[in-house]
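There are 4 protein chains.
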Amino acid sequence: MNRCFGIADNEFIRGKVPMTKEEVRAIILHRLRLNRNSIVADIGAGTGSLSIEAALLASEGRVYAVEKSSEAIGILKANIDKFGADNIEVIHGEAPEALESLPRLDRVIVGGSSGKIEDIINGAKEKLRPGGRIVVSLITLENLCTAFKVLEGSFESEVSEIIVAKAEKLGKYKSLRARNPVFIVSGEIQ
Amino acid sequence: MNRCFGIADNEFIRGKVPMTKEEVRAIILHRLRLNRNSIVADIGAGTGSLSIEAALLASEGRVYAVEKSSEAIGILKANIDKFGADNIEVIHGEAPEALESLPRLDRVIVGGSSGKIEDIINGAKEKLRPGGRIVVSLITLENLCTAFKVLEGSFESEVSEIIVAKAEKLGKYKSLRARNPVFIVSGEIQ
Amino acid sequence: MNRCFGIADNEFIRGKVPMTKEEVRAIILHRLRLNRNSIVADIGAGTGSLSIEAALLASEGRVYAVEKSSEAIGILKANIDKFGADNIEVIHGEAPEALESLPRLDRVIVGGSSGKIEDIINGAKEKLRPGGRIVVSLITLENLCTAFKVLEGSFESEVSEIIVAKAEKLGKYKSLRARNPVFIVSGEIQ
Amino acid sequence: MNRCFGIADNEFIRGKVPMTKEEVRAIILHRLRLNRNSIVADIGAGTGSLSIEAALLASEGRVYAVEKSSEAIGILKANIDKFGADNIEVIHGEAPEALESLPRLDRVIVGGSSGKIEDIINGAKEKLRPGGRIVVSLITLENLCTAFKVLEGSFESEVSEIIVAKAEKLGKYKSLRARNPVFIVSGEIQ
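Protein chains in written order, with our numbering: chain A, 246 to 435; chain B, 246 to 435; chain C, 246 to 435; chain D, 246 to 435.
Hints were generated in silico from the structure; no laboratory data involved.
Keep in mind that the hints are not guaranteed to be accurate.
Claimed, not checked - Here are a few chain A residues that face chain C, going by a calculated C-beta distance under 7 Å:
1. Leu-347
2. Arg-374
3. Ile-384
4. Thr-385
5. Glu-387
6. Ala-410
7. Ala-412
8. Leu-415
9. Asn-425
The model shown is predicted, which means the values in this text are computed figures rather than measured ones.
Every residue, glycine too, gets a C-beta built ideally from N, C-alpha and C.
Chain A on its own, in the form it takes in the complex (with noise of 0.2 Å):
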């Protein structure tokens, strides 16, 4: 693919899998600051979007894409595929335990959490080297409390909230349908 950044959300293939959308994506991947050689783990990568986006930016660098969810992993194999990114190795397992068997981080994206959002952001903390970054994007009060708690207390932390509308036909003319607020919570370790 020649495209180097910007892949629209109705490119990747999806079946049921929830999905980061493209307007909250672009703040992440953002967020990270990657460099071309940069190694991140994409926690809870899903269909791949991130982890896709932040390989093809990081081209000279490494992803795991870390999935606990079977049905996900085929997914986000079929989308690796599709856009021929070989520099993503996908990790089908759970974190915290799925990152003890990875090398030293440079970024950390935590998109799901299953509960354990604490206990994520501290093991992405022992992995990350000095100067590394974790951004983790949240949907629920309960984890948007717990993670801003946890990352006030251990790094140079950024918390933003992001709402996007689209305009979308509503009989010959356009409403705008507003999205979920997503929360960012992003840190830098010193």
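Let chain A serve as the given structure and place chains B, C and D on it in line with the hints.
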């Protein structure tokens, strides 16, 4: 610079020149669907934040940064130097006239319009190759309504509204501070 | 009913008739600046949620609930009965024509416009007393742009956008679900 | 005053005292589900904007406006005079202690908490009659997370986020200026 994507707002030299904030910049760049060799024009380049991030992505392409204000031109050039973005060419002039001297374009970013949004979109349309894309960011209702109408008529278009709120210190706590809504209207020439 | 303000969405009988949600209803009613004896027209009354709350507030005034759909009229009347709002008069008809038979008005609410937003605003303007107010809620970009232009020209006007997100159960957690943005354009005759 | 609902922000005397803006005030008042004879406490009454609008609605009830700052008390009293809201009693004191001297309550509004949000909610719970309601507005993440947890535990509760943007002049055009997001957490004692 080793970075391939994601420059923070406070890394740019700014003066009093208005700047598209990083979350919106991320979404505009994503919506551009850049290729490594894209030829891009950035209308109303201001500080150059969009031009520079686009030039970093389209590293084998070229970015024409069009800006009419002499004050902004100085800051724009200082930022280009700072980030070593040598595939940017600064055009001191005003759209749509300044577009005439440019080669055929793959992508057009419109960030500033000085009341000429309709002419700029039409001028961009003339310069864009088939499959070319335009991404316009708007903050006034008047420009939103004009751009929406003009792009609806001649492009496969999309309209999104982006609202970002960031946590800032309020005493010993953190409160969410909203940035003003930005509308992003984008289209692809068919 | 002992209640003087604040009927929840789920207290209204609804069927499939669209309803202005309670947070937006609260803001529209606030923006109306009602007096106890205000004479009000509610154009596109639908379920009657706005008419009924307005009638409860303007308890010594009168509310004309204008609605063109027979199906909605049935639900509207059922809600009026349920809340005992006997200072509402139901007008089965369509604005702006239906406005002609009404007396001079103090307040006009426009919730539905069926593509006639400009004529309805102009019709309302004819009927309103000096100092009278109109509050229009809009969900399409086309109507926003038209209403904004028409009201700018002839009223002291205000435009607001409202985005509401509500926490809903997501598994054992709660996530914020956004409602679609609503634009409220209001004006006062001078 | 002939008005029964809907006082504009600029009608209140303000000084430097922070004030809940009118759109959020409208939603808080709606969420209170006031009766004409409700007994209400407004904790952190500030300028009195919420107390006065509540007193206007609950015209046969009583509103206790609790405020700890002497400066705010002066402005609060001036506003009560201005709007002739003689069913308001000003309590110079701090919650939760100040709640003790009050009679049983039907409704509690919490607008300011000075770091004691948990104690205030628990204090309010003690004072509220069965079927009583509490509506808390929050702007910090810390208070949101605390109030969410405390109310989840002991009330049938609701959490909403409100974002309002208003059009303001920008040169000869109008741009949308966002107000900061406010979270409203409400609950009913069962």
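How the hints compare with the structure:
With a least beta-carbon distance of about 27 Å to chain C, the hint placing Leu-347/A at the interface is violated under the 7 Å criterion. Among the interface hints, the one on Arg-374/A is violated; its C-beta lies about 32 Å from the nearest C-beta in chain C, farther than the 7 Å criterion. About 5 Å separates the beta-carbon of Ile-384/A from the nearest beta-carbon of chain C, less than 7 Å, and the hint is met. The closest approach between the C-beta of Thr-385/A and any C-beta of chain C is roughly 4 Å, which is under the 7 Å cut-off, so the hint is satisfied.
Hint on Glu-387/A holds. Least Cβ distance to chain C is approximately 5 Å, under the 7 Å limit. Taken as an interface hint, Ala-410/A checks out: its beta carbon lies about 5 Å from the nearest beta carbon of chain C, inside 7 Å. Here the hint on Ala-412/A is kept, as its CB sits about 6 Å from the closest CB of chain C, short of 7 Å. Interface restraint check: Leu-415/A against chain C, minimum CB-CB distance 6 Å, threshold 7 Å, status holds.
The interface hint given for Asn-425/A is met, as the beta carbon of that residue sits about 5 Å from the closest beta carbon of chain C, less than 7 Å.
Hints 1 and 2, counting from the list given before, are not met by this structure.
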